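Colleague: Each chain is listed here by its residues.
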Amino acid sequence: MNNTGRKFVLYGSILVISLAAPWMLPAYQTQLAFLWMMVLFALTWDLVGGQMGYTSFGNIVFFGVGMYVTAVIQRNLHFDIEEYVHVAGAVDMLTPGQYLAGLFLGLGASTIASVIVAAILGACILAMGMRGQYFGICTLGLGVAAGELASGWEYIGAGSGMVTPVFPDGLGERGVFFYYIFFLLAGILFLTLRWLYSGRFGLAIKAIRDDEDKAEAMGIHTTRYKIIAWCICAFFLSLAGGAAGHLIGFIDPTEVAFAGATFGVWMILMAILGGKGTLWGPVIGAVIFHFTQELFWTYLFGWQRVALGGLIIAVVVFFPQGIMGWLRDRWPERFGYWVEESSGSDPFGDAKP
Amino acid sequence: MMNENKKKQAGSKDDISDYDFDSSDMVLSVDEVAYEAERLIAETPTMERLSELVGKDPLLTIEGLRAGYGKMEILHEFDLQVGKEQSLCIIGPNGAGKSTVLHSIYGFTNIMGGSITMEGNDIIRLSPNEKLSRAGIAYILQDNSVFPDMTVEENMLMGGFLMKQPSKAQEATEKVLNKYPLLNERRKQKASVLSGGERRLLEISRALIMEPDVLLVDEPSIGLEPRFIKMVFEILYDLQNTEGKTIIMVEQNAKKGLEFADIGYVLVSGQLAMAGSGDELLENPEVGRLFLGGGRE
Amino acid sequence: MSGHLLEVKDVCKKFGGVVANDNISLSIPEGSIVGLIGPNGSGKTTLFNSIVGYHPIDKGSIHFKGREISNMRVPEIARQGMLRTFQQTHIYGKMTCVQNMQISVSQTNEGFGTMFSKFPPEVMEKADRLLAFVGLYTKRRLMAGDLSFGQQKLLEFAMALMSEPKLLLLDEPTAGINPTLINGMIDRLKRSNADLGITLFVIEHNMRVIMNLAEHIYCLAHGQLLTHGPADKIQYDQKVIDAYLGAK
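Just so you know, the protein sequences line up as chains P, W and H, in that order. Each residue of the first sequence is one higher than the one before, counting from 1 in my numbering. Each residue of the second sequence is one higher than the one before, counting from 1001 in my numbering. Each residue of the third sequence is one higher than the one before, counting from 2001 in my numbering.
Since the hints were derived computationally from the structure, they do not count as laboratory data. One or more of the hints may lead you astray.
[Stated by the list, open to error] Stretch by stretch, here's where chain W covers chain H in the computed footprint (C-beta under 8 Å, at least three residues):
| no. | stretch |
| --- | --- |
| 1 | 2038-2046 |
| 2 | 2132-2139 |
| 3 | 2183-2194 |
[What the hints assert, rightly or not] No farther apart than 20 Å at their CA atoms in a straight line, the calculated lysine-lysine pairs in the PhoX-like style are these:
| no. | chain 1 | residue 1 | chain 2 | residue 2 |
| --- | --- | --- | --- | --- |
| 4 | W | 1164 | W | 1179 |
| 5 | W | 1056 | W | 1084 |
| 6 | H | 2239 | H | 2190 |
| 7 | H | 2094 | W | 1071 |
| 8 | H | 2126 | H | 2190 |
| 9 | H | 2059 | W | 1190 |
[Unchecked claim] Cβ-to-Cβ under 10 Å is the rule here; a few derived chain W residues that face chain P:
| no. | residue |
| --- | --- |
| 10 | 1071 |
| 11 | 1210 |
| 12 | 1212 |
Values in this document were obtained by computation on a predicted structure and should not be read as measured data. Each residue gets a CB set at the ideal place from its N, CA and C atoms; glycine is no exception.
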């Protein structure tokens, strides 16, 4: 089978299995929905961290912004704000139409909000020339700061967080609904990145990663590329955040929305585990990580955090090239790195004066 | 087959003709050179021939070496012989694997086959540390390998890092600094302020701390102005003839390298294409045309 | 003197207590090939860094195509059409040789629209030709970081030619390159200058290269401009012989 044929089979089978999954494993619908969310986490992190070399510890900011904005729109559209009960809220059920309207309007607003945030942060951090570990620490601070800000803001529930509306009847199963939303998001993200990486954009961000001084010396608009990459990252993370807030049902500022110590770290680990800087690496890393994590929670309960910590150390210390990196080192020819046989003469015949 | 000293006396006043002002009209494409070199590889020198060039018992012998990085094999069935207190220069096109030979001797490559022996003992299994501490082989890297934020003296002490006692390293440092007043003057200065030639001198001196028998020198004259090139070769001459070191070097300034060395090897695409005494190769018009940019016209 | 492509006037640059460039003035006419020679540590690379905007200068002015550029940043100056190669080779290590060449396409006319586009086939063809010239055609699919030092230097050279700048500053382009190939490089540089109109400003220690290449040569020593003149005269200039070519 030739290359195109192989690709067709690969994508086709993934599509078929993915579409059928929630029906085949009904007990795991929510976990599978989160699997696609993890894929999205890993892919978005990899765009800025793996492909472009800017290790960010604060991408969770965009996730949280998305989550809150969608929830706020949903709430404000349908409820009287003063009457809204925070935690043990007994609120009226929404109709499917109202729910969907709130959700999709909210998602739309989320993307706008998060891209604006990314652009502002980019102008403050990236345009100022912050690189490497300074960038990393700065973004770490951002994640923490966002959580603290949200914890103190009454309008969005402060420390108690917010509750999103109960999933209405008439829209099918909750697990199935959100499964397809996350699958769709992850799928669109994957295809978008595939398109981006195949052209000028992909090479430019890799050049920034490999040697930013050289890229600048060649005249590449490095600041533009950096900010746009972060904005794309923010866009998709905010959509995931908005949907996640509605799937989980409650939004805690530090544990759920701006969950830097969990989601924020995991997105980095998944990309590294699968092989950062590659298209499929983050996907593979996310799948393996998610399954491993579920196993730890089920069978090592009480020790699951220790086990997860151990996994993080093992990957970063012993396996930093990740699975795709390891495969590429082992079989370079299959990934396109090979030496052609010399034809024995000047192939273009223009070396002579 | 070994040559007598043919180098200029150290300290002579050189005239400008010492510098290469020849024309650059001989233009051959990389592929043409590779193609013609294939012919030479077909007549690759035998082990006997290499032995002849040494003329006595070899100190270091490489036989049938296959080595590279990761899964890529760079050297294919490479042989080498060099005798005690001799100097050998490897020349050849870029990417031929010249540095890989030095890397392999020292232990930085993936060795896929063949043997490297020193006075009959296999040294492949020694780690780079052990190459220096036990086999007496020192490696002088290609460029810019000083520790920039350390002083000259501290850099020299680092050369003796593997010694059992720091005091021994201090002693050895004093000895070497006394020999090179140019460095001694700057011993308390940070290595980053040294000019190119002084830095190279530091790199060489640092390698002498452990009193090695063999020096692997990767491109001694690269990036140096003409006077420092002269200085470096004078130092190497002194190290070979006065202190009895054996020197294996890679040099892209092929004319200077072959003028200096007793034995010359031409490496092309990971294989030994030619071997001869330094002078022999310099006089050879093929070598001149293909590898020296025109040779002696 | 006015109206030259690059005009450097009284440029000064200090690092800590050390004066690296002391009142350097020079001028590069469009379409010429100019050499810059001098001992190690005389300030040649620092001067290049000053010109391309790698660091701000303490005093003086630099005009490129008639515009003052001493307060512009590196990418801006590069997009004006001035590129440089580095003494310590800089290439993109985790991309293939072909990709290195593709991303080296001139950035002068890059806008938001072209950011997301693919490279046209002419780019690929040009890249292949230049790679063949430096002997990297069969290795074009390897990661640039896996090449030998000399091959990386050749790749950087090819990348510079790929972008066809107005003015190209080359910092010791032939150091570590095989002498036979150096001849080819000299030839290729001359052709780029004659056919494509690329003005060249070259730092070199290899006398054979600079004498065969440059029309006019500037010589630095101890951070100052020692002298300058036509190539065939400079090698006999006593000041140059004393400071640089002669014995210590």
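Colleague: Determine for every hint whether it applies to the structure shown.
Modeller: Verification of the supplied hints:
1. Residues of the stretch 2038-2046 of chain H lying with their CB closer than 8 Å to a CB of chain W number 4, which satisfies the three-residue condition for coverage.
2. Beta-carbon proximity to chain W at under 8 Å applies to 6 residues in the stretch 2132-2139 of chain H; the threshold of 3 is reached and the given coverage holds.
3. A stretch counts as covered by a chain when three or more of its residues have a beta carbon under 8 Å from one of that chain; for the stretch 2183-2194 of chain H and chain W the count is 4, and the coverage holds.
4. For a cut-off of 20 Å, the pair hint linking residue 1164/W to residue 1179/W is broken: about 23 Å separates their Cα positions.
5. As the CA atoms of residue 1056/W and residue 1084/W are separated by approximately 9 Å, the hinted pair is consistent with the 20 Å bound.
6. At most 20 Å may separate the alpha-carbon atoms for a hinted pair to count; residue 2239/H and residue 2190/H exceed this at roughly 28 Å.
7. Proposed proximity of residue 2094/H and residue 1071/W is supported: the alpha carbons are some 17 Å apart, at most 20 Å.
8. Among the hinted pairs, residue 2126/H with residue 2190/H is consistent with the structure: their alpha-carbon atoms are about 18 Å apart, no more than 20 Å.
9. Distance restraint check for residue 2059/H and residue 1190/W: the Cα-Cα separation of roughly 27 Å exceeds the 20 Å cut-off, and the hinted pair is therefore not satisfied.
10. Given the 10 Å rule on beta carbons, the hint for residue 1071/W holds: about 6 Å separates it from the nearest Cβ of chain P.
11. Hint status for residue 1210/W relative to chain P: violated, with the closest Cβ pair at about 32 Å, above 10 Å.
12. The beta carbon of residue 1212/W is not positioned within 10 Å of any beta carbon in chain P (closest approach about 34 Å), and the interface hint is therefore violated.
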